[in-house]
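Peer 1: Position chain B relative to chain A; hints supplied.
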Amino acid sequence: MSLPDRQTQAVIAANRFGLGAREGEIREAEGDPRGWVRQQLAGPAPTRLAGDGDLWSSRDSYSEFFRLLKQRQQMDKGAAAPGKDGPRPAAFSRDRYNAEILARTRTAAATTRPAAERMVWFWSNHFTVSAYRTSVAPIAGAFEREAIRPHVFGRFEDMLLAATFHPAMMLYLDQHKSIGPNSPRGQRNGRGLNENLGREVLELHTLGVDGGYTQKDVTTFAKALTGWTVGDSHRSEDGAAIYVDAIHEPGDKTILGRTYADGGREQAVQALRDVAAHPATARHMAVKLARHFVADDPPDGAVAALARTFRDTGGDLRALTEAVVDLDMAWGAEQRKVKTPQEYVVSSLRGLETARLDGPVILNALRVLGQRPFWAPSPAGWSDRADNLAGPDALYRRIEWAAQVGRLTGRRAENPARLARSMLGVLADRRLADALDHAGSPAQAIALLLSSPQFQRR
Amino acid sequence: MPTRRQVLGGMMAVPLAGLSFPRAGRAAARGDARLAVVIMRGGMDGLSAVPAYGDPDFHRQRGQLDLGPPGDGGVLDLDGTFGLHPRLATLHGFYGAGEMAVLHAVASPYRDRSHFSGQDVLENGTLTDRGAGDGWLGRSLRHADPSARRAISVRETVPLLLRGGKDVASWSPSTLPEPDADTLQRIGVLYEGDPLFANALRAAVRLNATVGRDLDTEGERRRGRLQQATGLMQVAGRLLAAPDGPRVAVLDMDGWDTHTRQNGLLDQQFTALDQGIGAMREALGEAWRRTAVLTVTEFGRTVAVNGTGGTDHGTGGVSFLVGGAVRGGRIIADWPGLAAQALLDGRDLRPTTDLRAVAKGILGDHLRVPGAALDTAVFPGSENVRPMRGLIRA
Numbered sequence: 002m003s004l005p006d007r008q009t010q011a012v013i014a015a016n017r018f019g020l021g022a023r024e025g026e027i028r029e030a031e032g033d034p035r036g037w038v039r040q041q042l043a044g045p046a047p048t049r050l051a052g053d054g055d056l057w058s059s060r061d062s063y064s065e066f067f068r069l070l071k072q073r074q075q076m077d078k079g080a081a082a083p084g085k086d087g088p089r090p091a092a093f094s095r096d097r098y099n100a101e102i103l104a105r106t107r108t109a110a111a112t113t114r115p116a117a118e119r120m121v122w123f124w125s126n127h128f129t130v131s132a133y134r135t136s137v138a139p140i141a142g143a144f145e146r147e148a149i150r151p152h153v154f155g156r157f158e159d160m161l162l163a164a165t166f167h168p169a170m171m172l173y174l175d176q177h178k179s180i181g182p183n184s185p186r187g188q189r190n191g192r193g194l195n196e197n198l199g200r201e202v203l204e205l206h207t208l209g210v211d212g213g214y215t216q217k218d219v220t221t222f223a224k225a226l227t228g229w230t231v232g233d234s235h236r237s238e239d240g241a242a243i244y245v246d247a248i249h250e251p252g253d254k255t256i257l258g259r260t261y262a263d264g265g266r267e268q269a270v271q272a273l274r275d276v277a278a279h280p281a282t283a284r285h286m287a288v289k290l291a292r293h294f295v296a297d298d299p300p301d302g303a304v305a306a307l308a309r310t311f312r313d314t315g316g317d318l319r320a321l322t323e324a325v326v327d328l329d330m331a332w333g334a335e336q337r338k339v340k341t342p343q344e345y346v347v348s349s350l351r352g353l354e355t356a357r358l359d360g361p362v363i364l365n366a367l368r369v370l371g372q373r374p375f376w377a378p379s380p381a382g383w384s385d386r387a388d389n390l391a392g393p394d395a396l397y398r399r400i401e402w403a404a405q406v407g408r409l410t411g412r413r414a415e416n417p418a419r420l421a422r423s424m425l426g427v428l429a430d431r432r433l434a435d436a437l438d439h440a441g442s443p444a445q446a447i448a449l450l451l452s453s454p455q456f457q458r459r
Numbered sequence: 070m071p072t073r074r075q076v077l078g079g080m081m082a083v084p085l086a087g088l089s090f091p092r093a094g095r096a097a098a099r100g101d102a103r104l105a106v107v108i109m110r111g112g113m114d115g116l117s118a119v120p121a122y123g124d125p126d127f128h129r130q131r132g133q134l135d136l137g138p139p140g141d142g143g144v145l146d147l148d149g150t151f152g153l154h155p156r157l158a159t160l161h162g163f164y165g166a167g168e169m170a171v172l173h174a175v176a177s178p179y180r181d182r183s184h185f186s187g188q189d190v191l192e193n194g195t196l197t198d199r200g201a202g203d204g205w206l207g208r209s210l211r212h213a214d215p216s217a218r219r220a221i222s223v224r225e226t227v228p229l230l231l232r233g234g235k236d237v238a239s240w241s242p243s244t245l246p247e248p249d250a251d252t253l254q255r256i257g258v259l260y261e262g263d264p265l266f267a268n269a270l271r272a273a274v275r276l277n278a279t280v281g282r283d284l285d286t287e288g289e290r291r292r293g294r295l296q297q298a299t300g301l302m303q304v305a306g307r308l309l310a311a312p313d314g315p316r317v318a319v320l321d322m323d324g325w326d327t328h329t330r331q332n333g334l335l336d337q338q339f340t341a342l343d344q345g346i347g348a349m350r351e352a353l354g355e356a357w358r359r360t361a362v363l364t365v366t367e368f369g370r371t372v373a374v375n376g377t378g379g380t381d382h383g384t385g386g387v388s389f390l391v392g393g394a395v396r397g398g399r400i401i402a403d404w405p406g407l408a409a410q411a412l413l414d415g416r417d418l419r420p421t422t423d424l425r426a427v428a429k430g431i432l433g434d435h436l437r438v439p440g441a442a443l444d445t446a447v448f449p450g451s452e453n454v455r456p457m458r459g460l461i462r463a
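Top line first, the protein sequences correspond to chains A and B. Each step along the first sequence adds one to the number in our numbering, with nothing skipped, and position 198 is 199. Each step along the second sequence adds one to the number in our numbering, with nothing skipped, and position 375 is 444.
Just so you know, these hints were derived from the structure itself, not from any lab. Remember, it's a predicted structure, so these values are computed and weren't measured experimentally. C-beta: ideal position from N, C-alpha, C; glycine also. Worth double-checking, as some hints may not be accurate.
To be verified - Some, not all, of what chain B presents toward chain A, calculated at C-beta under 8 angstroms:
| hint | residue |
| --- | --- |
| 1 | Thr226 |
| 2 | Ser243 |
| 3 | Pro246 |
| 4 | Ile256 |
| 5 | Val258 |
| 6 | Leu259 |
| 7 | Tyr260 |
| 8 | Leu265 |
| 9 | Phe266 |
| 10 | Leu270 |
What the hints assert, rightly or not - Sample of chain B residues facing chain A (criterion: CB under 10 angstroms; computed from the structure):
| hint | residue |
| --- | --- |
| 11 | Ala272 |
| 12 | Arg330 |
| 13 | Gly376 |
The shape of chain A in the complex, shown without the other chains:
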């Protein structure tokens, strides 16, 4: 297929591969749009966040949260209600959570490697943990920093291992409750297996729902995972991922036709490495990436090319991302993808570059637009499909927000046509230019610009 002209490619580079154009970015990309994206994929993993000195490790945050929770429960059992000065685990959790999403959003709004940041979001959504589960809230942001960011341009299997055994994932998917029925501890207290993590790893994180595994594979894989749990104050290593042999289901395990000798902690690790390398995993990752960059229902050719790269490189995520950039189909002029609320907010922040949109405004926007980071409704993560993103209520909320941003930042729009070109390049067409020219006020011009289909799509 033929590529659109370079001006259009530059807009695609900044909006589809990046997170929305900052001033000058489209011009910068015009010389070599693909090169502009590729150079962002080179270099180290994007592990630094704006203001990350304020962020806690998952281990510290977990220990503190459960310490406060325990204190609170002790007081609740007592006669008197805990006063205002008492332990407030919920407030602690909320503060940690808010600090994380502010740091993450500000980082995305300011980064000069937006394409790298987009991949962090992509994989973080793929390996969803949700603060929907109370115990996950204080460490959800740390999960992304600790398990996702270091591996975004590394190997898929390393990210899979880091995510699967991260305390946030184990808490989110009940691994901390799973006990081998025939393990010493299981025999003693009659508690048993929880398949949740095992199932989601196969269904969502690796093979995919049509990946050819059976219920028996799920159960056996869940047995192999037993022993892996989260340390707490009763055990040791509070808040860390640990392996406890006394809850590991003994015996060999056969998963997807391959038998793993009982090796305690290494049994699940080996099984994970093998499912990471499975052809169904390559295909599943290819579908998700193609859906993200090409179309909601991606063409077979795009999927096949990405699956091949995944297999040929042993799941090298930098090579895989470069393969997406190499796909002509990902550079089509039509804006088929609707931005998620997170993309919408961040691209607004990038385009307007204003300190007036900060702190409470960011938090409120993510909340009212229905996509607080780390708050996906299910382990499947946020939908990447237009029909889920452009419902009447969702669209109207964006328009309301656009109008509010207009009132807060109207001054930026003294030359709205110029702002539109800076944010949308050649996609700022005649219709949009006319609308902005005739806007009743700078505030209204911003509202129109941020509400326009060109800006809401990518």
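Peer 2: Just chain B now, kept in the frame of chain A:
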């Protein structure tokens, strides 16, 4: 084994599902039926909502959670054995008017005690938490009477329960100021070349006009989540009442996970629920006659009080079925009793009615979903769960 179906106190007539109802044909087709489902998230304590104060074991089991017999601030009597929580006065009125049926000792097929998985099973209509990626109500809309296929979720997103329908929108109160009409009109012009956005904007404007501007949901939000729940029930009533509005609505109400100091919490919860359903009824106006409102929860709670004045995750619980279309004034329960040996796992109210039977009865008789679809597409593998007939007025 517990002796089931015993008549307590020598005066309680407990109709048995499937036996005591007329087996007469379905209600005449009338179209335009309205259904609202309220998901009580957290596990509503059924024995606080509908205390079996006449059960010989009730007081011994409930201790400080026993609100006392009818009269003098105690429960509101229903039939001499069961009562309603004192804060449910509006619902009590509906019961008296024959517009509310109480389903007791009811549960989804879920038998573990996780909110997370329990809500999934409650909503997805299968036997397991990952059994389907959409919900029984959403799937049922594809088979419902053509007049009843448009649905609305009254919150920011569409819950699992309602996913799977073809015409499902959502409406939620905004915390943002309303954009002015001029700006909206100009945005409409920008959308002329983009059908997805143009249609969505038109639908949004229509929904907002139906809901109206006088709700002050933002003010209610600031006052608290319970006031907001009440306000949203009013919104649901307005949307369902509109001639061109949706016919099925789903709402959420959270805060039912009462592990600690339950009596005080539930006073507030039940007040909000009672006012909310009252407000929904007012908003529905004449359409109330054709409306059924069903409350569901992921599980009931332990029968006995725990160490912190609350209850823990249990099994059997209560659903309310309210509305002008409901054949009410009845308690429908195959009462398992509260004696120690009658309890499930020695702790929970034993469920004797499958919530799927209740839902199948309502979907069949009210939304005209064919039986074959109910057995397979809506509640897969539920051929043996017979729809409970006669819940809806003929």
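Peer 1: Against chain A, is Arg330(B) within 10 angstroms by beta-carbon distance?
Peer 2: 8 angstroms, holds
Peer 1: Answer holds if the nearest beta-carbon of chain A is closer than 8 angstroms to that of Ser243(B); otherwise answer violated.
Peer 2: 6 angstroms, holds
Peer 1: Please check whether Phe266(B) passes as an interface residue: C-beta within 8 angstroms of a C-beta belonging to chain A.
Peer 2: 5 angstroms, holds
Peer 1: Return the status of the interface hint for Leu270(B): holds when the least beta-carbon distance to chain A is below 8 angstroms, violated otherwise.
Peer 2: Holds: closest Cβ of chain A sits about 6 angstroms from Leu270(B), inside 8 angstroms.
Peer 1: Are Ile256(B) and chain A close enough, Cβ to Cβ, to be under 8 angstroms, as the hint says?
Peer 2: At about 5 angstroms, which falls below the 8 angstroms cut-off, the nearest Cβ of chain A leaves the hint on Ile256(B) intact, so it holds.
Peer 1: Grab the minimum C-beta distance from Ala272(B) to chain A and call the hint holds if it beats 10 angstroms, violated otherwise.
Peer 2: 4 angstroms, holds
Peer 1: Against chain A, with CB atoms and a cut of 8 angstroms, does the hint on Leu265(B) hold up?
Peer 2: 5 angstroms, holds
Peer 1: Answer holds if the nearest beta-carbon of chain A is closer than 10 angstroms to that of Gly376(B); otherwise answer violated.
Peer 2: Since the shortest Cβ distance to chain A is 6 angstroms, the answer is holds.
Peer 1: Does the closest beta carbon of chain A sit nearer than 8 angstroms to the beta carbon of Val258(B)?
Peer 2: 7 angstroms, holds
Peer 1: Does Tyr260(B) hold up as a contact with chain A if the rule is Cβ-Cβ below 8 angstroms?
Peer 2: 6 angstroms, holds
Peer 1: Quick one, is the Leu259(B) hint okay against chain A at 8 angstroms, beta carbons?
Peer 2: Hint on Leu259(B): holds, closest Cβ of chain A at ~5 angstroms, below 8 angstroms.
Peer 1: Return the status of the interface hint for Pro246(B): holds when the least beta-carbon distance to chain A is below 8 angstroms, violated otherwise.
Peer 2: Holds: closest Cβ of chain A sits about 6 angstroms from Pro246(B), inside 8 angstroms.
Consistency note: the structure conflicts with none of the earlier hints.
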